[in-house]
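Chain residues, written in single-letter form:
Protein chains: 4
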Amino acid sequence: MTTAQRPTGFGVDPRTANELKERYLQTRGFTERMCEPMEIEDYVIQSMPDVSPAKWHLAHTTWFFETFILSNNYPAYRPLNLQYNYLFNSYYNAIGEQFCRPRRGQISRPTVKEVYEYRAYVDEKMLDLIDKLDADDALDTIRDTVILGINHEQQHQELMTTDIKHVFSMNPLRPTLHVRPEDEPARGVPSHEWLRYEAGLYEIGYDGPEFHFDNESSRHKEYMEAYEIGSRLITNGEYIEFMNDGGYERPDLWLSLGWATVQEHSLKEHDWEKFDKPLYWFKTDDGWMQYTLAGPRPVNPDEPVVHVSYFEADAYSRWIGARLPSEAEWEIASADADAEGGNFSDNFTFHPRPLASDAPSGRIHQMFGDVWEWTTSAYRAYPGFQPWEGAAGEYNGKFMANQLVLRGGSCATPQNHIRPSYRNFFYAADKWQFMGFRLARDVE
Amino acid sequence: MTTAQRPTGFGVDPRTANELKERYLQTRGFTERMCEPMEIEDYVIQSMPDVSPAKWHLAHTTWFFETFILSNNYPAYRPLNLQYNYLFNSYYNAIGEQFCRPRRGQISRPTVKEVYEYRAYVDEKMLDLIDKLDADDALDTIRDTVILGINHEQQHQELMTTDIKHVFSMNPLRPTLHVRPEDEPARGVPSHEWLRYEAGLYEIGYDGPEFHFDNESSRHKEYMEAYEIGSRLITNGEYIEFMNDGGYERPDLWLSLGWATVQEHSLKEHDWEKFDKPLYWFKTDDGWMQYTLAGPRPVNPDEPVVHVSYFEADAYSRWIGARLPSEAEWEIASADADAEGGNFSDNFTFHPRPLASDAPSGRIHQMFGDVWEWTTSAYRAYPGFQPWEGAAGEYNGKFMANQLVLRGGSCATPQNHIRPSYRNFFYAADKWQFMGFRLARDVE
Amino acid sequence: MTTAQRPTGFGVDPRTANELKERYLQTRGFTERMCEPMEIEDYVIQSMPDVSPAKWHLAHTTWFFETFILSNNYPAYRPLNLQYNYLFNSYYNAIGEQFCRPRRGQISRPTVKEVYEYRAYVDEKMLDLIDKLDADDALDTIRDTVILGINHEQQHQELMTTDIKHVFSMNPLRPTLHVRPEDEPARGVPSHEWLRYEAGLYEIGYDGPEFHFDNESSRHKEYMEAYEIGSRLITNGEYIEFMNDGGYERPDLWLSLGWATVQEHSLKEHDWEKFDKPLYWFKTDDGWMQYTLAGPRPVNPDEPVVHVSYFEADAYSRWIGARLPSEAEWEIASADADAEGGNFSDNFTFHPRPLASDAPSGRIHQMFGDVWEWTTSAYRAYPGFQPWEGAAGEYNGKFMANQLVLRGGSCATPQNHIRPSYRNFFYAADKWQFMGFRLARDVE
Amino acid sequence: MTTAQRPTGFGVDPRTANELKERYLQTRGFTERMCEPMEIEDYVIQSMPDVSPAKWHLAHTTWFFETFILSNNYPAYRPLNLQYNYLFNSYYNAIGEQFCRPRRGQISRPTVKEVYEYRAYVDEKMLDLIDKLDADDALDTIRDTVILGINHEQQHQELMTTDIKHVFSMNPLRPTLHVRPEDEPARGVPSHEWLRYEAGLYEIGYDGPEFHFDNESSRHKEYMEAYEIGSRLITNGEYIEFMNDGGYERPDLWLSLGWATVQEHSLKEHDWEKFDKPLYWFKTDDGWMQYTLAGPRPVNPDEPVVHVSYFEADAYSRWIGARLPSEAEWEIASADADAEGGNFSDNFTFHPRPLASDAPSGRIHQMFGDVWEWTTSAYRAYPGFQPWEGAAGEYNGKFMANQLVLRGGSCATPQNHIRPSYRNFFYAADKWQFMGFRLARDVE
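Residue numbers (our numbering), protein chains in the order written: chain A, 1 to 444; chain B, 1 to 444; chain C, 1 to 444; chain D, 1 to 444.
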């Protein structure tokens, strides 16, 4: 279980002004390219409080550059619209009051056109500023914050994807956003193997020279008992076995809160509100279907199961006699995996894919891309954690309560955005992100 | 207090095929003309469960013609989209299942463009059908239902106005939809006079030859005690006196449910959610402002107060030592008033206007148009009430619980839609329609 | 359909001091006699916000005498506990702040023993005061208020009964409070007959010399169309036919709000929360059972159906092709009925009973006692209504919104408390009072 | 910072039949002695869903012995009442259905007297069974489960205390349950010192021979960075400084969920519902008061602050520039502390007490008793965690989501119930237990 070389395929930061502009433009452009198939009406909808309209994502990521860079650094910067600071601030109390989150879908203005104008306005100023500072040899004053803004926008690319998927799934017309070729017939995936890691002191967290979030440091030691981790993700086919075995009807398999969630949702009106299957699944006479951004598809047994909550992943694990990994267990194992070749947003598919039938035995697969993987680790500060200074300090630290860490990125994550030490976090009942899981177990 | 002649200004039904087509086209066209200043984004929003997106109104009124006329009468009629029957059915259980009302603002498709195509498709078929049936001398088979559909669309024109007003009012940008000239300075309105009606047997309800709703019949006798009714609507200036006198803080002035509403809303987060002023009012350093479809305006003391609930109208009445009229009292008095010259949607102003300073004394004013007037009458069946046959029987009768009757039409009602016997109905706490009130009192 | 003589069996007010003391003691004593079978624990429970603990009823009725009589009239009156004025004020804003209603079941102190001491303390002072004033020939200063207090306590006797029934029904042990002999076998009831009343001007409301509530006056004329009213109450057996015919599954039978109530409650967790049967019914292998204060009993098809809401009574009426009566229709017909021989709380049975099989044809039955009868009349002010002066003015008038009038008293009403003009009022969805109904219909 | 000897004052399990009976009787008797000052009414109330009526605690702890011991081991055991198994099962799905938790306060029967009879019935059988098995040399078959039942009852003793405190605090009469002498005047507490622990591998968890919960094992290694921990608990006086410095108004001090909790509760109706002070505090003209089981008392600045949530403890820590300890940090430090001399339920005071002014410097104080101490550790499985077999496996493991670990016991914990490895757990917003905190910080 050793690895001959450093894992590959992770992002490297831009250094020069030209690299920085290129990365900036590439990211900003990718966001807009993602929106190309959308109708104006699609940009406006908020289908639940957690979801933001695409229009809001487009504006909020722009507001981020305006607020954290232009307003402090661009000479005599004049905001395009003074109200935008209120409308598009997400949660930065240090910046000022915020427009009420659950009402983001209730404002028709600014229009989509005006939001694109806002983007163009800020982009022009940003490029100009980079050049200006570079000329003054002062690019360092903003370089890190620009890179943060780029990473921030990449996170919102993913949210925009998962949010529009939720929006479209509510619509009886079940529209297609991103066309995807027909699936190949299922032919089974390589068998699930247990990969062993020995007890000992390990190091966890980031300590390299590239961009990373404050919550990934400091790098620190953890003593691990020996454990085994699954060689691949759990598939739809495997999950259906759990369902067919009454997995959603046996309280002994569930955490107390999970079972309460199942019970409570069983009293909901609509089938899609029940907590008795992965989100976006629905049953037809021909079997299970699932809504995808390419429209409804039959559930492919070979694909990793996606849109399951922590409660469901945990219940499945108990049913099969295993458990989920901790984030440290996951991170240690990730040293044996590459991001390269992974299924990321770069390929514009936005759906997890089956593990290749010829994937080699004895190695760990599907660690990066496809689905975020639930871990048993509560999202909390690492030893020595220091939030960033200023308003950016609200980025991560203040969410360290009641959430669980997910690892590895998904089919909606850009490849150069992910890292082994990257910590995503959601609530145990959340399902609308591209969430799946792999197993772990103790070693006797 | 007698009237020399029949009140004038009320609608007359189209009889011939040409008249029918003209009225149909006029109504359908007026709806679309109302939407001209709207951006595509504006059509999509549902700012509270009672509100429907403009897009939905446009489609639902079209669905009404399709469902109740074309599908039964047009040879081999093929719906443009089979899902529309589910998406745009409002509440007709006899027609089939309905898309969940509070989620009307969560579907981006069909697009606005597709909805307009739907309208055009149905319009073409409707005109064609009228001609065909006329040629066969069979226009009578659909004439009444077409007129019902026209009146139905006129009701939705009003709802579309009040709904988009609610949508825009939520937006911190406070957009303007219908430009309106600056207000003239307030100069006071004619004094409030009491007009007396003697005790005796009166007749109430509709019995003429023109279109009317089932809930307006049968015409029947009511014995009335002598009463007096106010010569005009209560104004903003008068209502502000009530507010300044602590009207919203004195439980003795309120119905128990009304006071509970005030209390409960005092715990809401946003100022516009408090039940301590008319809807759309907000206070600035310069005094009270109100949001109108022409943007925010200072509250004009001469204008009739609008967007007040029954609870508020009732509390004001108790404060001033009077009461609200019953619907019979209102209808009897309406025999002395004309619709002609009233402030209706026809003038594209969508806001109540002050009573002219030279309005003659001893006569009743502002009965038709401006604001719907709250009455103390619970909305219930008249003696001998028979709901219409078939699904149209669900139009009115099934709402006869917990609602109160309002009379007289508003600035968002088309003039040819209103009648003295017309019964509108809303819940006692509702405020987002153009609702106001006049006073009445017993005679010793 | 004429009646040879005035209906009999209604209460007559006490006039002399001795009569007043006797009625006072009789009423206060009856309240306590009703509580004799209760355990201390039973006095404390509030099973839903509408329900008050028995302990609270005992104290609140005492507070009424203390507040409205002793504190104004008894020389140097000292309340037993100053906090009781806050704890046991129900809703009289003019008296001061009130302890939060839904938390009445959350305070264990004062204990039941202390509440009985409070009753004894106030009783002693009340009797003393009556004697004192009588000696001074000044009994008139309090006589009317004492009679109001007695009637108030009688109303709370009924509420105490319906509340403890609700409390006990929630308990899986289904305790018995008032033992009742086994039911006789069902043998059918006299057939339902239509009794006709002709069109014309009638007088409605109270105008006699005895006690009555402010909401019963002023007596006034109403013009009535001819109508027919049912000779007896609708029975369990008849109601079961409606249920068996899918009455709870057909939206066309229901008011829109009623159907929404059915739908909404179908998503509730417990069977007794569903809106698909009368309250307190439950199905066993042996058929329908109902919880009564004498424990669970098989549903007797001959008994009047009880614990149904307005929505259910209305739906049944529509199903059978009739309607419910208005309160005027009911009151006019009541002139042909006696209270004497009715099924009231006086007999300590607390359950409706079948109409005697030999009840004479052509006459109206079961008008007084057994069950309160739903009418279609919204609870609102009669012409010339004047609320009582002072805090007692909050007794009735402020509830005139969203409630419907019920008539005739029930098996939990004392006989001398009821009158033909008596107006009870509840919300359309309420079921926990002894509520039933009879039919009416228009005459062609 | 070394400790010369093993900490003392922790419980030792009973071994012989006599010891077992004695411990059983002592525990059962202590529960009942705690209830002596209660009135019957006090046993019935449930003031919020988290609270259970005292009556329920008395019965549930009895049900535990009946279900897990008597029904499996006592020859031909006959339950006193078959319904009790449903009524008094808390959450053991493996045992069967449970009576709905939020309705525990809605059932008046069984009465308190019947519950005590139930206790006596089970006690008699339990003592009999211990003797019988001892005679057969088979005491081992139940010994561990009896000890579990005893510990279970001790946990409910604490809950009964915190629940009745919540119940009484809701009552405007603010009753006294346990009389307590007047407080001595505040004279300040020893200064707060930082005690240092060095980085290294430590062992955490239980591995001794005495009773412990499944969640305390397995004992395992953790690598710790160097840290410092506070020598004593944070006091009321210190907490008031935080409040006076605007601690509840500065979002930068709060976790996002904590701030949302503050905001949301600021819209509640009653002062005691606001999240702007410790639970049970209220302000008077004379300053802060707090409700205690001995009635209201002025807030003593020397006492440890109690009834604060994790959110508040965390905000205070951030304000002062520190953080809370992890459970491992706490447990490591606890090796330097004794339980002996601590403030436990044994002294019948039920309120935290100030640290003695002569408490020696350089040592850690108040680790056991007084208040449960919040840690930053999410409640989750230790490596190698194995839930107990059978229904008892539901005791701990299924609650491992969204809760935080608290350590050390409180003034409502029996001394022989606590251990250094003991893990209590509650939600971050919970305040009604005796919860307080001490600080920790990283070492540079």
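These are computed hints drawn from the structure, not numbers from a lab.
All C-beta atoms in this analysis are idealised placements derived from N, C-alpha and C, irrespective of residue type, glycine included.
Worth double-checking, as some hints may not be accurate.
[Stated by the list, open to error] Selected chain C positions facing chain B (in silico; Cβ < 8 Å):
hint : residue
1    : Pro181
2    : Gly208
3    : Asp252
[Claimed, not checked] Pairwise CB distance ranges, derived in the manner of DEER restraints:
hint : chain 1 : residue 1 : chain 2 : residue 2 : range
4    : D       : Met48     : B       : Glu264    : 12 to 22 Å
5    : B       : Gly384    : C       : Asp207    : 22 to 32 Å
6    : C       : Gln263    : B       : Asp207    : 33 to 43 Å
7    : C       : Pro79     : B       : Glu241    : 37 to 47 Å
8    : D       : Glu264    : B       : Gly200    : 56 to 66 Å
9    : D       : Gly29     : A       : Asp442    : 37 to 47 Å
10   : B       : Glu264    : C       : Asp207    : 36 to 46 Å
11   : B       : Gly384    : C       : Pro79     : 48 to 58 Å
12   : B       : Arg103    : A       : Ala186    : 50 to 60 Å
13   : D       : Ala260    : B       : Arg103    : 20 to 30 Å
[As the list claims (entries may be wrong)] To spell it out: a stretch of chain A is covered by chain B in this simulated footprint if at least three of its residues, at any positions, have a beta carbon under 8 Å from a beta carbon of chain B; those stretches are:
hint : stretch
14   : 78-91
15   : 323-332
16   : 395-405
17   : 417-423
Hint check results:
1. Pro181: Violated. Min distance 40 Å.
2. Gly208: Status violated, d = 20 Å.
3. Asp252: Holds. Min distance 6 Å.
4. Met48(D) to Glu264(B): 12 to 22 Å: 20 Å, holds
5. Gly384(B) to Asp207(C): 22 to 32 Å: Roughly 30 Å apart at Cβ, these two residues keep to the hinted range, so it holds.
6. Gln263(C) to Asp207(B): 33 to 43 Å: The hint (33 to 43 Å, Cβ to Cβ) holds, given that Gln263(C) and Asp207(B) are roughly 37 Å apart.
7. Pro79(C) to Glu241(B): 37 to 47 Å: 40 Å, holds
8. Glu264(D) to Gly200(B): 56 to 66 Å: Hint holds: Cβ distance 58 Å, inside 56 to 66 Å.
9. Gly29(D) to Asp442(A): 37 to 47 Å: For Asp442(A) against Gly29(D), whose Cβ atoms are near 42 Å apart, the range 37 to 47 Å holds.
10. Glu264(B) to Asp207(C): 36 to 46 Å: 39 Å, holds
11. Gly384(B) to Pro79(C): 48 to 58 Å: 57 Å, holds
12. Arg103(B) to Ala186(A): 50 to 60 Å: 34 Å, violated
13. Ala260(D) to Arg103(B): 20 to 30 Å: Given about 25 Å between the Cβ atoms, the range holds.
14. 78-91: Satisfied; 3 residues make the cut.
15. 323-332: Violated: only 0 residues of the stretch 323-332 of chain A have a Cβ under 8 Å from chain B.
16. 395-405: Violated - the stretch 395-405 of chain A has 0 residues with a Cβ nearer than 8 Å to chain B, which falls short of three.
17. 417-423: violated (count 0)
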